[in-house]
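Enquirer: Sequence:
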Amino acid sequence: MYRIAKEFAFSASHQILTLPEGHQCARVHGHNYVVVVELASAELDEHGFVRAYEDLAPFKAYIDEKFDHRHLNDVLNIKAVSSEILAKHFYDWCKERFPETTAVRISETPKIWAEYRP
Numbered sequence: 294m295y296r297i298a299k300e301f302a303f304s305a306s307h308q309i310l311t312l313p314e315g316h317q318c319a320r321v322h323g324h325n326y327v328v329v330v331e332l333a334s335a336e337l338d339e340h341g342f343v344r345a346y347e348d349l350a351p352f353k354a355y356i357d358e359k360f361d362h363r364h365l366n367d368v369l370n371i372k373a374v375s376s377e378i379l380a381k382h383f384y385d386w387c388k389e390r391f392p393e394t395t396a397v398r399i400s401e402t403p404k405i406w407a408e409y410r411p
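First residue of the sequence shown? That's 294 in the numbering used here, and the numbers climb one at a time after it.
Hints should not be assumed to be uniformly reliable.
Computed list of lysine-lysine pairs in DSS-like fashion (alpha-carbon distance at most 25 Å, straight line) [stated by the list, open to error]:
1. Lys299 to Lys353
2. Lys381 to Lys404
3. Lys404 to Lys353
4. Lys353 to Lys381
5. Lys359 to Lys388
6. Lys299 to Lys404
7. Lys299 to Lys381
8. Lys359 to Lys372
9. Lys353 to Lys388
10. Lys299 to Lys359
11. Lys359 to Lys381
12. Lys388 to Lys299
Derived CB-CB ranges, DEER-like [as the list claims (entries may be wrong)]:
13. Tyr295 to Glu408: 15 to 23 Å
14. Ile371 to Tyr295: 30 to 38 Å
15. Met294 to Glu314: 44 to 52 Å
16. Thr311 to Leu337: 43 to 51 Å
17. Asp385 to His316: 22 to 30 Å
Hint data in this document are derived by calculation from the structure and do not stem from the laboratory. Glycine residues also receive a C-beta, built at the ideal position from the N, C-alpha and C atoms.
Take these sequences, add in the hints, and give me the full structure.
Expert: So this is what it looks like as structure tokens:
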């Protein structure tokens with residue numbers, strides 16, 4: 294199996310409104326998110342690629358337009374926006390457009406991450 298990955302970044306605020314009052318994550322706060330999209334294939338295309346990295350440009354545009362410097366609760370219209378929820382959202386978006394997508398990983402800080410991998 295061949296695997297490739299590409300990293301994207303954006304900055305945004307969010308809050309997890311389902312947490313108890315006083316919990317730090319219930320307050321509005323922000324992160325410099327790093328998103329890693331992983332694709333895999335048993336076969337390579339005629340160019341020797343799983344997929345050309347430039348093919349992922351629509352995902353970069355989607356992040357820049359809909360997520361960068363936005364409040365994620367408003368973007369997704371939900372009360373609890375966690376990295377796990379973002380990972381699944383981005384996975385679904387990518388899988389629909391790039392069938393080779395196998396996982397999406399989200400990092401809020403350099404030391405923590407969440408991943409969606411069916």
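Enquirer: Starting from the hint list further up, note which numbers the structure goes against and sort them upward.
Expert: The structure conflicts with no hint, since it agrees with every one listed earlier.
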